[in-house]
Every structure is written in C-alpha cells, then in structure tokens.
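Number of protein chains: 2
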Amino acid sequence: MSKTSFVAEPGRQEIVMERRFAAPRARVFAAYTDPVAIPRWWGPRFLTTIVDRLEPRQGGIWRFVQRDRSGNEYAFRGVFHESLAPQRIVRTFEFEGMPGHVLLETVLFEEEDGQTKVTARSVFQTQEARDGMLQTGAEHGAAETWDRLDELLAE
Amino acid sequence: MSKTSFVAEPGRQEIVMERRFAAPRARVFAAYTDPVAIPRWWGPRFLTTIVDRLEPRQGGIWRFVQRDRSGNEYAFRGVFHESLAPQRIVRTFEFEGMPGHVLLETVLFEEEDGQTKVTARSVFQTQEARDGMLQTGAEHGAAETWDRLDELLAE
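Sequences listed follow chains A and B, in order.
Numbering-wise, the first sequence is residues 1 to 155 according to our numbering.
Numbering-wise, the second sequence is residues 1 to 155 according to our numbering.
No wet-lab data here; the hints were simulated from the structure.
Accuracy of the hints is not assured; some may be wrong.
Unchecked claim - Among chain A residues calculated to face chain B with C-beta under 10 angstroms, some are:
no., residue
1, 14
2, 59
3, 77
4, 79
5, 102
6, 121
7, 123
To be verified - If you want the footprint, here are the derived chain B segments under chain A, 3+ residues with CB under 8 angstroms:
no., segment
8, 12 to 26
9, 75 to 86
10, 111 to 125
What the hints assert, rightly or not - Simulated restraints, written as ranges between beta carbons of each label pair:
no., chain 1, residue 1, chain 2, residue 2, range
11, B, 68, A, 7, 39 to 45 angstroms
12, A, 141, B, 9, 25 to 31 angstroms
13, A, 141, B, 69, 52 to 58 angstroms
14, B, 9, A, 53, 36 to 42 angstroms
15, A, 9, B, 112, 31 to 37 angstroms
Glycine included, C-beta positions come from ideal geometry on N, C-alpha and C.
Could you put the whole structure together from the sequences, leaning on the hints where they help?
What follows is the structure, given as structure tokens:
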C-alpha cells in the first residue's frame with residue numbers, strides 16, 4: 001500500500017503529492033541534491049538512472065538519463081530556480097523527447113516530530129498537459145519513486 | 001480601450017492573455033528576443049527598462065532591470081526553456097525581490113491573414129500566487145505593455 005498522497009483535482013492543472021518520511025529533513029533534502037543518492041531512488045526500479053548534471057543552485061541545470069535493459073535512453077532535464085536547504089526546491093522538469101513541454105515543481109520539506117513531510121506541487125502549462133501526464137501512469141510511478149526514497153532513508 | 005484579452009478564471013492558477021498585432025509574426029517574435037526592442041515596449045511607460053541578459057535559447061537566461069525616476073531598481077529574470085522562432089517561447093519569470101516565487105510562461109505566435117495573434121499563458125505555483133499577482137494590477141500593466149508593443153510594431 002502506498003503512503004503517498006497523490007491529488008489531481010478535476011479541472012485544475014496541477015498535481016500535489018505528499019508523504020511523510022521517517023528521517024530528519026536535512027537528510028531528505030540531501031537525497032534530492034546528491035548525485036550519488038539520486039540513482040538509488042529516482043525513477044522506476046526497472047530503469048537505471050544516470051546523473052549527467054545536478055547543480056542545485058539558482059540557474060543550475062539538472063539532467064538525468066534513464067536507460068532500460070535494451071539500452072534505450074530517456075533523458076529528463078530542467079533548471080533549478082531555487083535550492084534553499086533544507087526547506088525548499090523550485091525547479092522545472094522536461095522530458096527531452098517533448099521539447100516545449102515544461103512543468104514547474106515546488107518541493108517543500110517540513111520537519112514534524114523528527115519526521116519530514118515532503119509536498120511536491122507540479123504545475124503544468126495547461127490542464128490538458130496535466131491530464132496527458134496522468135494517462136502515462138504518473139501516479140504509480142510517483143509512488144514507486146517515493147517508496148524507493150523511503151527505503152534509502154531507512155538504511 | 002485595450003485590445004488585450006486578459007482572462008483569469010476563478011479557481012484556476014493561470015492567466016491567459018491574447019491580442020492581435022498588425023505585423024507578421026517574424027517581426028512580433030523578434031520584438032520579444034531583441035535587446036534593442038525590449039526597452040521600447042517591455043513594462044510600464046513610467047519605468048526605464050535595461051536589458052542585462054537576453055539569451056533566447058534553451059537554458060538561456062534573461063534578466064531585465066526596471067528603474068524609476070528616483071533610481072530605485074526592480075529586477076526580473078528567468079530561464080528560456082524554448083525559443084522556437086517564430087512560433088513559440090517557453091520561459092520562466094521571477095521577480096528577484098521574491099525568491100522562490102516563479103511562474104512559467106508559454107507564448108504562442110500565430111499568423112492569421114498577415115496579422116499575428118499572440119497568446120501568453122502564465123501558470124503560477126498556486127492559485128493564491130496568481131490571485132496575489134492580480135491584486136498588484138497585473139491586468140492594467142499587461143495591457144499597457146502590449147499597447148507599447150503595438151505602437152512599436154506600427155512604426
């Protein structure tokens with residue numbers, strides 16, 4: 001059972017995800033900005049993730065490449081608009097296969113009783129773009145990636 | 001009377017503006033990406049706009065500084081995520097006085113009978129952020145800046 005709350009209200013153009021992780025927020029924040037940690041949790045388990053760039057500062061680029069077992073590669077990238085440790089990341093997200101399609105993600109890290117509540121709010125250019133993302137199985141993928149993060153933090 | 005359509009539907013987190021300009025779209029697009037043209041139309045008339053950076057390519061930075069008569073400066077910046085002449089610009093927009101507050105703007109340029117329809121869609125991190133922008137007089141400011149662009153294109 002997923003512990004990830006995933007909300008995509010009808011008629012809106014955002015997805016809001018929330019989850020509590022049993023770790024201090026400095027550790028959770030670090031997992032988002034550490035090139036060694038990213039391949040261990042970002043994305044689905046059946047793909048290998050390679051960190052090409054990860055520059056968590058205003059104007060910095062991130063670019064991750066996912067590779068499947070046949071060697072096909074899928075690249076994602078974006079720009080950090082803010083990386084304010086340990087509380088907030090604002091960045092864009094693009095799949096390189098769909099240029100011009102961009103989403104804006106705001107990730108908040110809040111500490112509550114030694115645990116960390118992470119809220120990730122993704123806004124899309126249009127409602128249609130958001131609905132298209134939902135049809136690709138975004139909810140399942142998001143839950144899996146946060147399950148992986150939870151496992152990493154439990155080590 | 002403004003010829004700018006400005007739509008901010010209740011309960012949503014976007015502003016959609018639209019206007020027809022009496023010029024071919026290559027000229028309208030160029031006005032958006034030309035550092036000489038920008039100070040002549042971008043922003044309200046009572047401020048002086050200085051182009052600090054304008055790099056219309058994926059990952060390129062833009063930064064404009066507005067100066068009032070007392071010498072106070074207000075800086076705006078963002079990142080180009082796409083600049084596909086003459087049809088589409090995707091970029092972010094930030095006021096440097098409010099770090100972490102970012103909007104994502106998609107500008108479409110469509111030619112119709114020798115005129116150009118420009119559609120600018122700005123999406124905000126939250127509905128509250130959009131509503132806050134509306135309260136600053138965004139509609140008046142946007143109409144004025146497009147009036148100025150219209151005048152420039154008519155020269």
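Hints versus structure:
no.	hint	verdict
1	14	7 angstroms, holds
2	59	6 angstroms, holds
3	77	9 angstroms, holds
4	79	5 angstroms, holds
5	102	5 angstroms, holds
6	121	6 angstroms, holds
7	123	5 angstroms, holds
8	12 to 26	holds (count 3)
9	75 to 86	holds (count 4)
10	111 to 125	holds (count 4)
11	B:68 with A:7: 39 to 45 angstroms	42 angstroms, holds
12	A:141 with B:9: 25 to 31 angstroms	30 angstroms, holds
13	A:141 with B:69: 52 to 58 angstroms	53 angstroms, holds
14	B:9 with A:53: 36 to 42 angstroms	37 angstroms, holds
15	A:9 with B:112: 31 to 37 angstroms	34 angstroms, holds
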